[in-house]
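Engineer: For reference, the chains in residue letters:
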Amino acid sequence: MELQLEKIFIKEVKFGQENRIADGVLTINREGLLEKVRDDHRIACLDLEIVRPGDDVRIMPVKDVIEPRCKISGGEMFPGFTGDDDTVGSGITRVLSGAAVVTTGKVVGFQEGIIDMQGPGADYTPFSRTINIVITCEVKEGVKQHVHEEVLRLLGLTAANYIGEAAREAEQEVEEVRKYEHKPLLEACSLNGGLPIVGYVYMLQSQGLLHDTYVYGVDAKEILPTLISPTEVMDGAIVSGNCVSACDKNTTYFHQNNPIIEELYEKHGRDLNFVGVIITNENVTLADKERSSSFTARLAEKIGLEAAIVSEEGFGNPDADLIMNCRKLEERGVRTVLVTDEFAGRDGASQSLADSAPEADAVISSGNANEVIELPALGRVIGHDRYADSIAGGFSGSLKDDGSIEVELQAIIGATNELGFNRLTAREF
Amino acid sequence: MSERKSQMKNKVENNRELSTERNKEKQRQRRIDNREAAFGETVFAETEGLETECLGAEFSEVEGAEAECKNKLRVVHYLNQFFGQLGGEEKADLPPRMQEGPVGPGQALNAELNEVAEIEATIICGDGYFNENKEAAADRVKEILMELKPDLVVAGPAFNAGRYGMACGAVAEIAAGLEIPVVSGIFPENPGYEMYRQYGYFIETSDSAAGMRKAVPEMAEFIKYFWETGGNPGRPEEAGYLPRGIRRNLFAEERGARRAVNMLLQKIRGEEFTSEYPMPSFDRVEPAAPLEDLSQARIALVTSGGIVPNGNPDRIESSSASKFGRYQIDDFDDLNETSHETAHGGYDPVFANEDADCVLPVDVLRDLEEEGRIGKLHEFYYSTVGNGTSVASARTFAREIAEELLEDGVQAVILTST
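Same order as they appear, the protein sequences are chains A and B.
Using my numbering, the letters of the first sequence correspond one by one to residues 1 to 429.
Using my numbering, the letters of the second sequence correspond one by one to residues 1 to 418.
Hints are not guaranteed to be accurate.
[Unchecked claim] Derived lysine to aspartate or glutamate pairs resembling EDC-like cross-links, with alpha carbons at most 20 Å apart:
{"no.": "1", "chain 1": "B", "residue 1": "267", "chain 2": "A", "residue 2": "330"}
{"no.": "2", "chain 1": "A", "residue 1": "144", "chain 2": "B", "residue 2": "120"}
{"no.": "3", "chain 1": "A", "residue 1": "7", "chain 2": "A", "residue 2": "173"}
{"no.": "4", "chain 1": "B", "residue 1": "267", "chain 2": "A", "residue 2": "359"}
{"no.": "5", "chain 1": "A", "residue 1": "14", "chain 2": "A", "residue 2": "56"}
{"no.": "6", "chain 1": "A", "residue 1": "267", "chain 2": "B", "residue 2": "254"}
Simulated from the structure, these hints should not be mistaken for lab results.
Based on the sequences and whatever the hints tell you, model everything.
Structural biologist: Here it is, written out as structure tokens:
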């Protein structure tokens with residue numbers, strides 16, 4: 001199985017008569033895109049605009065961020081949603097790198113976040129560095145939260161596909177081509193003789209309504225841990241459907257660009273033999289946690305992993321899953337490195353995780369999400385800043401009269417991403 | 001206990017490691033680098049800084065440096081009765097008193113600090129008094145500090161003297177509350193360090209006063225460094241203080257995913273690596289003994305599920321709660337969407353908002369009350385949001401709630417989460 005990932009670097013996005021890409025400029029037919037996503041009786045109103053790095057703009061509350069991609073061959077993007085139900089992960093995928101679809105509108109849950117395109121907040125979110133096609137969508141009165149989430153999720157994926165299609169007939173060369181190979185397991189394990197056999201345990205948020213992730217359209221709550229090829233992930237096999245805290249929810253964009261997968265490929269064949277990805281969930285009951293962690297460890301053992309990176313999504317309750325996965329993997333001789341963020345209190349003096357184990361002796365920290373930041377007022381807000389006090393990471397008085405916002409980093413999209421997307425970390429002082 | 005001891009031992013070993021010559025040299029070099037950065041002058045590396053008489057005099061052309069030099073740090077020093085030269089154990093019950101200028105080890109310290117800082121006053125208190133009259137002693141120390149408004153408080157060094165260490169720590173906590181930085185010297189196994197380390201910069205000392213000769217210059221050196229770095233001395237291993245247990249954010253050179261793969265390779269190869277988050281050991285709470293007779297018991301409901309009267313009158317946060325609420329439920333047999341809702345941001349609120357009993361089971365407890373299976377449902381329930389709330393906050397809430405429940409004669413509590 002081989003996926004050829006072709007990147008076009010988007011340097012400018014504008015609205016125009018037709019969808020096209022030329023000289024790094026993506027032109028989107030605004031009416032066409034609105035027409036495409038409007039087809040949902042639950043939507044009350046829609047707006048669409050383009051926001052660039054450095055703009056005097058704040059976007060909030062943000063639900064999801066998606067990278068526009070296009071399957072040239074080998075299936076359809078986002079199988080189970082906008083794509084058909086066949087598997088993905090092979091053929092050619094074209095990426096509109098540097099562009100992102102951002103969905104916003106009235107708050108769904110509490111846990112949706114902020115993207116500042118300039119100022120101190122911009123340093124903490126990777127989406128201050130992408131050109132964002134922002135869709136503000138409001139739903140009709142009486143639409144319940146979980147349905148509201150679904151409307152926005154489908155709309156975001158549909159928009160990303162519509163925009164991504166422009167890459168099919170791009171009037172320019174692709175600028176970066178990379179081939180990601182994924183061999184049958186037996187063959188993969190016998191290759192690269194002597195190199196340590198390494199895997200990735202990819203924990204997916206699945207704590208319940210508004211806390212869901214989808215794999216090929218299946219709610220991850222309902223899965224048993226299973227193998228997925230890293231290239232399937234790049235083709236949108238995993239879709240975010242959750243409203244966990246903005247700082248450490250894996251938006252669909254993060255799944256498409258999973259940096260752990262990228263870094264493991266980087267060392268593959270030289271320092272290690274990257275043979276597979278195990279996806280597992282983070283359900284709320286103890287029985288589910290025990291079952292999933294045991295299955296994960298057994299799968300790892302079965303495919304002969306010597307070591308694995310384990311990444312968490314969310315915090316608190318899933319800390320228990322993280323620690324169980326770690327303990328059970330280590331018990332079977334699979335050495336682990338965990339990637340998590342910290343909730344050490346605003347003063348940084350509290351315990352950072354809700355669970356711990358002596359086996360968890362190798363942890364990568366993506367920062368203390370409780371740390372407070374002052375976000376000065378920006379010229380314009382897309383969406384609604386009135387939710388600043390009530391979103392996770394906000395508190396009474398977060399939104400000041402002058403439009404500035406004092407919040408925990410928790411409220412910033414992707415600030416403490418637990419796939420290790422950023423450079424932010426925390427240390428003891 | 002033994003776990004804590006071994007933890008301590010590890011800490012001590014780690015700290016010993018820090019004191020190796022190699023690290024000392026690194027620390028020294030860092031300080032010089034920092035000064036260079038601060039003053040934009042390379043000549044500093046040669047002068048070795050610490051022996052420099054006055055930074056400003058040599059670099060008077062550097063804007064601001066001279067002014068800073070004239071404004072020496074105003075220091076208040078805290079000592080116990082022994083080091084304050086008032087007497088031994090027989091004077092341990094002396095209440096806090098203030099003396100002008102440096103006393104005892106303060107004189108040596110003052111000399112070391114020369115142009116950087118000046119000990120203006122010394123607070124002396126008996127170790128026995130401080131530990132037996134904590135509130136009174138703390139109030140007095142606070143009064144003095146509020147009056148003098150020093151730039152810095154120095155406490156000790158306390159070495160391994162338990163009561164003295166606790167007093168130095170408590171002084172650090174008071175000063176921290178007034179936003180005055182604190183430097184102290186302590187032996188890492190002194191309980192005062194574990195208890196109060198977050199409030200000050202504790203410099204490692206030996207376990208007895210025999211180490212004074214070494215402790216004073218090291219504390220002075222740190223104070224100077226603290227001054228030079230504008231109160232941001234950096235990480236413990238760089239600046240030479242004992243870890244304070246405070247997690248602070250910074251940007252690493254490489255993204256997390258790359259650091260993870262590198263750490264995994266180090267772990268596979270058996271190479272040394274440093275976890276970015278050393279696992280804590282948790283305190284385990286022994287459950288209380290079961291009740292003998294439920295039918296006579298007053299039972300309270302306490303929840304971290306965020307159930308509040310509609311409108312969230314206390315504005316409890318949806319995550320990282322800074323407070324809890326106490327609400328009457330005597331008037332309710334059944335909660336519904338017009339009476340209660342959830343403030344919790346960590347789960348879908350639809351069902352809890354429709355029927356808050358599914359998180360705070362008032363309806364079921366009313367039934368049990370009627371059936372005579374429990375004595376009485378306590379007239380108040382307590383609620384906070386557990387989502388992202390720090391352990392320290394949770395512990396504080398729990399203590400306050402438990403005290404009120406005990407006062408109200410509650411025998412048992414049903415804790416509900418989400």
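Engineer: A separate judgement is required for each hint: does it hold in the structure or not?
Structural biologist: Hint check results:
no.	hint	result
1	267(B) <-> 330(A)	holds, 12 Å
2	144(A) <-> 120(B)	violated, 66 Å
3	7(A) <-> 173(A)	holds, 9 Å
4	267(B) <-> 359(A)	holds, 12 Å
5	14(A) <-> 56(A)	holds, 18 Å
6	267(A) <-> 254(B)	holds, 15 Å
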